[in-house]
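Model the full assembly from the supplied sequences, consistent with the hints where possible.
Protein chains in written order, with the working numbering: chain A, 1 to 259; chain B, 1 to 312.
If you are wondering where the hints come from, they were derived from the structure by calculation, not from laboratory data.
Accuracy of the hints is not assured; some may be wrong.
Unchecked claim - Lysine-lysine pairs mimicking DSS-like chemistry, simulated, CA-CA at most 25 Å apart: (1) B:275 to B:227; (2) B:135 to A:98; (3) B:135 to A:97.
Quantities reported herein were computed from a predicted structural model and do not represent experimental measurements.
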Amino acid sequence: MKNTWAIFQREMRSYFVSPVAYVVLTIFFFLAGLFFYEILARIVEQTTLSSLQSGRFGGPQPVNVPALVARSFFGVLSTILLFMIPMMTMGLLAEEKKRGTIELLLTSPLTNAQLVLGKFFASLGLGLIMILVTGLMTGVMFAFGDPDLSPILSGYLGLVLYLGSLLSLGLFISSLTENQIVAAVITFGVILLLWIVDIAAGSAGTSVKEVLSYLSVIQHLEDFTKGVVDLPGVVFYLSFTAVGLFLTHRSIESLRWRG
Amino acid sequence: MIEVDNLSKSYSGTRAIDGISFRVEKGEILGFLGPNGAGKTTTMRILSGFMPATSGTARVAGFDVFTHPLEVKRRIGYLPEHPPLYHEMRVRDFLTFVARIKGVDSQQREARVQEAMELCSVTEVAGTLIGHLSKGYQQRVGLAQAILHHPEVLILDEPTIGLDPKQIIEVRNLIKGFAGTHTVILSTHILPEVGMTCQRVVIINKGKLVAVDTPGNLTSRLAKGNKVFLEAEGAPSGFRERLERIPGVAQLQVSESNGRIQCYVDCLPAADVRKELASAVVGGGWGLLEMRIVSLSLEEIFLQLTTEEQIS
Chain A
1 MKNTWAIFQR
11 EMRSYFVSPV
21 AYVVLTIFFF
31 LAGLFFYEIL
41 ARIVEQTTLS
51 SLQSGRFGGP
61 QPVNVPALVA
71 RSFFGVLSTI
81 LLFMIPMMTM
91 GLLAEEKKRG
101 TIELLLTSPL
111 TNAQLVLGKF
121 FASLGLGLIM
131 ILVTGLMTGV
141 MFAFGDPDLS
151 PILSGYLGLV
161 LYLGSLLSLG
171 LFISSLTENQ
181 IVAAVITFGV
191 ILLLWIVDIA
201 AGSAGTSVKE
211 VLSYLSVIQH
221 LEDFTKGVVD
231 LPGVVFYLSF
241 TAVGLFLTHR
251 SIESLRWRG
Chain B
1 MIEVDNLSKS
11 YSGTRAIDGI
21 SFRVEKGEIL
31 GFLGPNGAGK
41 TTTMRILSGF
51 MPATSGTARV
61 AGFDVFTHPL
71 EVKRRIGYLP
81 EHPPLYHEMR
91 VRDFLTFVAR
101 IKGVDSQQRE
111 ARVQEAMELC
121 SVTEVAGTLI
131 GHLSKGYQQR
141 VGLAQAILHH
151 PEVLILDEPT
161 IGLDPKQIIE
171 VRNLIKGFAG
181 THTVILSTHI
191 LPEVGMTCQR
201 VVIINKGKLV
211 AVDTPGNLTS
221 RLAKGNKVFL
231 EAEGAPSGFR
241 ERLERIPGVA
251 QLQVSESNGR
261 IQCYVDCLPA
271 ADVRKELASA
281 VVGGGWGLLE
291 MRIVSLSLEE
301 IFLQLTTEEQ
311 IS
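Printed below as a string of structure tokens:
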């Protein structure tokens, strides 16, 4: 525990003394803010238009504006995160290998599990900071409207689980190479592949579709943003993360054997 | 303190080290000598628990490095060939981090870091980013990192590389200061370093153990009889003939420059002919300017051992 904490703290500090954290945070907030504004403006415009029309033709159709905004916003956040995650994980282990500091870590009285967890939680920590600040944007809805709290909370929960699973994937890929750029590109490629699975699911037959959509990292998040904390989704993300961390652990172990 | 038995390591078919065995007693400083690629770093990496051996065993303080890696890692300080430093950290922060992962108590941490910085004379750069330090300072921060948790065993892979002559002397003195309290293995390919700092030498070449002995014993064991150097003033004619007659002289090598005669005399084993040489030179009318025993340097021993190996 103490060792994990030491690794976590060092990694966090290294994020913030290098440009990585600032670049990731700045781009993320800029894009998130921009998209939030767009979504809000578009949905408000649509609902005003449709309420005008329904006023003219009768039969009012009440629309839950905040819920709609939140859903679209979480969808956009998850997409922006796809691009940020490779940058957040690329250096975690690749840089240690390149610099030779992995030799310090592996000859210190640490277990590999402590090392992997420390690294993972540091990247998750940076991710949480990013997600927390988007609270400014969702907060706007609370200031000017009266949205349901539960879909927003479950959306955030889903986002954290989603982030954790992809970060563990990035961490694993970072353990395979000494080159940060290679790690980032492969991570991005694999994440895109997972994303495409979601699109492929749309055009596949029913039984294939079921399998593919269960495998899709995006599909499960959608359920969360609708206000449903669904157990298969939680299990999916947590087991994805566990597999990623386990593979990282094995990969570090194998470093010793390959020499 | 350190027991290495029949240790071998193969990388994809090629043997980096092949059946090495040696022992290091508590408080001893052992020099690990060999040309580049001889397997020094591999052996040290196995001892430090960084990588496992293909076969054989290595024990540190009674713990097998393979079956009890954490116990071993708690007891060793390791300085790899390239000091493992985070360039974006400041020296004090880095050493504090190392103290934490080496399991130093939080109450003692600050004192240990301070002590290690003073021993390695890096106190004046405590607040500097490691990336901005010169190679010499980085090497010393690496050394500080290895000693700060008071390990029983120190494994230093080429500790004086990249240092200037003054710093080399400081680091050697520091290492010599560990004798008695710490067990030290240090590798180097600078031969005089071994003679100056180590009590025993292990010479390896191409992954095989070539010799284990004290630097002094190695020198005398391999010197097949004494070699004496003479310098005399006078005409060279008759010089060789006169000296050849002395019993105990095996071979002569005479040369002349600026009216002075230089001569290397190889003596038969266990024969000290210096007295006879001196009286022969003076008796023959030459002026004796210099006479000294030429002892075999570690370089020569090293070459002798490693080339013998190649021939066989």
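Query raised in the report: Holds or violated: residue 135 (chain B) with residue 98 (chain A), Cα cutoff 25 Å?
Result: holds, 18 Å
Report task. Compare the distance between the alpha carbons of residue 135 (chain B) and residue 97 (chain A) with 25 Å, and conclude whether the hinted pair is satisfied. Result -> holds, 20 Å
Query - Holds or violated: residue 275 (chain B) to residue 227 (chain B), with C-alpha atoms at most 25 Å apart - result: holds, 14 Å
The structure is consistent with each of the numbered hints, conforming to all of them.
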